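> Listed below are the residues making up each chain.
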Amino acid sequence: MNLPKLARAALAPSVALGLLVAVVPSPAQQNAGSTPVGNAERGRQLFSDTYNCYACHGFDAQTGERRLVPMNYPLEGFITFVQNSPLPQMPAMPDASAQTLADIWAYLKTIPVDAPPVNDLPLLRDVLTRRNQAAAAK
Amino acid sequence: MAKRSESDATPSVDRRKFLTGAAAGAAGAASALVGNTSEAQQGAPIARPAVARPTEADARKDFVPPEPRVGASFIEHPASDHMVDVLKALDFDFVAVNPGSAFEGLHESIINHGGNRKPEILTVLHEEAGAAIAHGYAKAAGKPMMTLMHGTVGLLHASMGLFHAWCDRVPVFGVVGTPRNPTSVINRPHSAQDMGSLVRDFMKMDDEPTRLDVFAGIAMRAYTIGRTPPMGPTLLVVDSELQEAAIPNGMSLPIPKLTQPAIPQGETGAVREAAKWLASAERPLIRPGKLARTPAGWDLLLELAELLQSPVDVGTYGSWQDFPSWHALYGSGGPDYKPDVILGLELNDMVPSLRQTRATSGKTISICAEYLSQGHNIHDYGNYTDIDLAIAADAEATLPSLIEEIRRQSPRDAARTRAARRAKVAEAHKAIREREMDDARYGWNSSPVSVPRMIAELGRQIQNDDWAIVSGHQFTGQWQRRLLNHDKHYRYNGDSGGFGIGYDTPASVGGALAHKAHGRLAVAIVGDGDFNFVGAGALWTAAHHKIPLLVIVHNNRAYHAEVMLVQRTAARRGRGNDKVDIGNVIRDPAPDYAKIAQGYGVYAEGPISDPNALAPALERALARVRAGEPALLDVVSQPR
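Protein sequence lines, in the order shown, are assigned to chains A and B. Going by numbering that gives the first Met the number 0, 84 is the number at position 85 of the first sequence; the sequence numbering is gapless. Going by numbering that gives the first Met the number 0, 596 is the number at position 597 of the second sequence; the sequence numbering is gapless.
To be clear, the hints were calculated from the coordinates, so they are not data collected in a lab. Just so it is clear, the structure is predicted and the values come from calculations on it, not from any experiment. Some clues are possibly wrong.
Unchecked claim - Computed footprint of chain A on chain B, listed as stretches where at least three residues anywhere in the stretch have a Cβ under 8 Å from a Cβ of chain A:
| hint | region |
| --- | --- |
| 1 | 213-223 |
| 2 | 426-437 |
| 3 | 440-448 |
All C-beta atoms in this analysis are idealised placements derived from N, C-alpha and C, irrespective of residue type, glycine included.
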């Protein structure tokens with residue numbers, strides 16, 4: 000194919016990605032100005048089946064890395080982070096729409112926190128006591 | 000150790016009487032075969048045909064002498080007997096064997112000439128399991144084990160296990176039989192022009208003695224080279240005809256004394272310079288890799304850390320346990336600790352350390368045996384780094400002189416400044432500890448079971464035992480070190496080294512075999528992915544040889560690390576994440592690991608999804624292990 004130099008350069012993967020990001024409005028930009036209302040039931044399906052978030056965050060979103068319950072991010076911050084994650088262990092998902100992420104966020108908000116205080120868990124309390132004793136030993 | 004199974008030990012019976020009796024007993028026997036496995040595990044008696052034992056007179060009457068084999072000759076002194084004498088001189092306790100015609104001479108000599116003692120045969124169901132068992136055994140026992148393999152096919156099966164031993168710098172003594180002059184359509188594929196080349200990229204040496212009088216010297220050389228740091232597996236190729244030939248009359252076959260070379264220590268001037276930097280450092284940090292070859296290495300690192308009051312960062316994948324995990328100095332010193340001198344001990348990749356010290360104009364020291372010898376193909380030796388002081392030597396052997404030099408060069412007020420450093424580091428580590436315990440409580444009652452809950456339940460039940468974790472930590476994050484006090488050098492046997500799955504279960508059997516001699520309680524936490532390689536067959540070896548070991552299958556029903564990787568790629572390409580489980584999950588149907596283990600004669604329970612059911616199941620399984628047998632629990636777990 001006989002392409003102008005500029006077009007060929009644009010098709011190089013790294014350059015092409017940059018141009019697309021610059022030219023095509025992201026789902027977040029498409030939804031700018033309106034804060035979607037999430038559907039928790041739909042969010043549960045998206046979390047577990049569509050996006051397979053459980054693989055890193057645990058089936059209940061609270062045993063993995065990073066823990067998502069309690070969900071302390073505000074909705075807007077959550078959407079921005081997931082679409083643009085700079086972390087190597089968390090893929091950025093620019094194609095996830097604000098509505099999709101609002102649904103997941105709403106689902107995360109419904110998950111009850113299962114974290115009794117350490118003092119109410121004899122197993123952990125005992126480990127912490129013994130760890131502190133071991134660390135204090137000379 | 001049991002030499003024969005119960006069924007093997009059943010006395011011989013008159014064949015004709017047995018056949019008559021067998022018909023009557025067939026119904027009972029058949030019902031036993033198809034019976035409920037849980038009933039079988041509860042100790043229901045096995046139905047046996049009613050057969051009278053033959054008398055001596057019956058036996059004589061029925062005995063028909065075999066026809067003499069045409070051309071067969073009687074060999075009074077087979078060469079393989081001498082080979083076994085050499086193996087005895089190398090002090091092997093065990094040899095892993097999956098039988099093969101290429102080493103039938105050696106096999107027969109081990110059991111008859113050698114009396115199946117030192118080495119004793121450990122029957123394995125796959126050569127990869129045999130190599131992994133030898134790998135795990137060597138780390139726990141502190142001495143190599145032998146694995147005996149069939150020509151080409153056996154060696155290729157074993158290759159993955161040998162590769163892990165190479166990457167983990169662990170000596171495994173491999174012997175492969177080869178039909179040098181194959182005579183049939185069956186054994187031609189088992190012969191090779193250069194057998195060692197099949198695995199040479201990850202063996203420290205391989206050699207093929209072509210004459211019996213050089214066998215002993217080559218075997219001794221393979222053994223000593225394998226044990227000289229950087230350690231690794233070695234291979235002897237032994238022609239089957241050479242094994243089976245008669246020792247010529249009058250041939251003298253002396254067995255040389257085993258002389259293990261002294262381990263190389265660091266050059267005096269370089270050690271003195273390293274000591275100078277460390278003695279005057281304000282914020283030293285020690286990073287051990289595969290340091291503690293022996294218990295002495297553990298003690299020396301503890302001595303060095305306490306002398307300097309330096310934090311010790313074993314890293315995420317510290318392959319061997321080198322430092323007590325509940326010690327005040329265990330860790331990186333906390334987020335505000337900016338090291339000005341980092342000491343790497345057998346750490347073959349110093350890049351992160353170099354980056355860290357460059358940011359603070361600090362110095363980096365490395366003492367590592369890998370400067371002395373590296374492989375030529377596998378890229379497992381880390382990147383070249385322009386660190387400030389590199390010492391080509393074994394770190395464990397160098398530590399005594401380094402410690403002595405640091406004492407000699409320490410300023411007068413060192414004790415006071417170092418005590419202050421320890422207090423700061425201990426305070427930072429205490430905050431980290433509390434945060435870790437806080438993290439552990441999330442999902443405490445979740446079903447499937449959370450990883451911290453699984454390990455904490457285990458910890459409570461073994462805290463009064465002399466326990467040893469014989470599997471790797473790779474798939475349970477840092478939870479084992481956080482929740483189990485690794486306070487002895489043998490508490491943790493390390494990861495595979497090569498980061499391939501399939502190591503943990505068989506290597507755990509090897510580790511447990513070594514710990515059995517010391518009466519230690521061996522426990523393995525293995526991934527379901529790992530178990531599915533050669534793990535089930537390795538469990539049979541544990542059952543057959545009465546090796547006590549608790550295997551907990553951390554069953555998250557997927558290769559979850561790979562789910563995340565495919566997610567990342569799919570997201571980069573904007574193709575959605577709804578299909579990333581394809582090729583990554585192990586369900587529909589979900590394997591029943593308890594039933595698989597029961598089928599191999601091992602006590603097992605599961606699948607266990609309810610966290611409250613875990614403690615009683617652990618109690619029952621541990622009772623079996625403490626009584627001397629293997630057991631398995633299939634625990635359905637959270638992905639992370």
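> Hint by hint, say whether it matches the structure.
Hint by hint, here is what the structure shows:
no.	hint	in the structure
1	213-223	violated (count 0)
2	426-437	holds (count 6)
3	440-448	holds (count 7)
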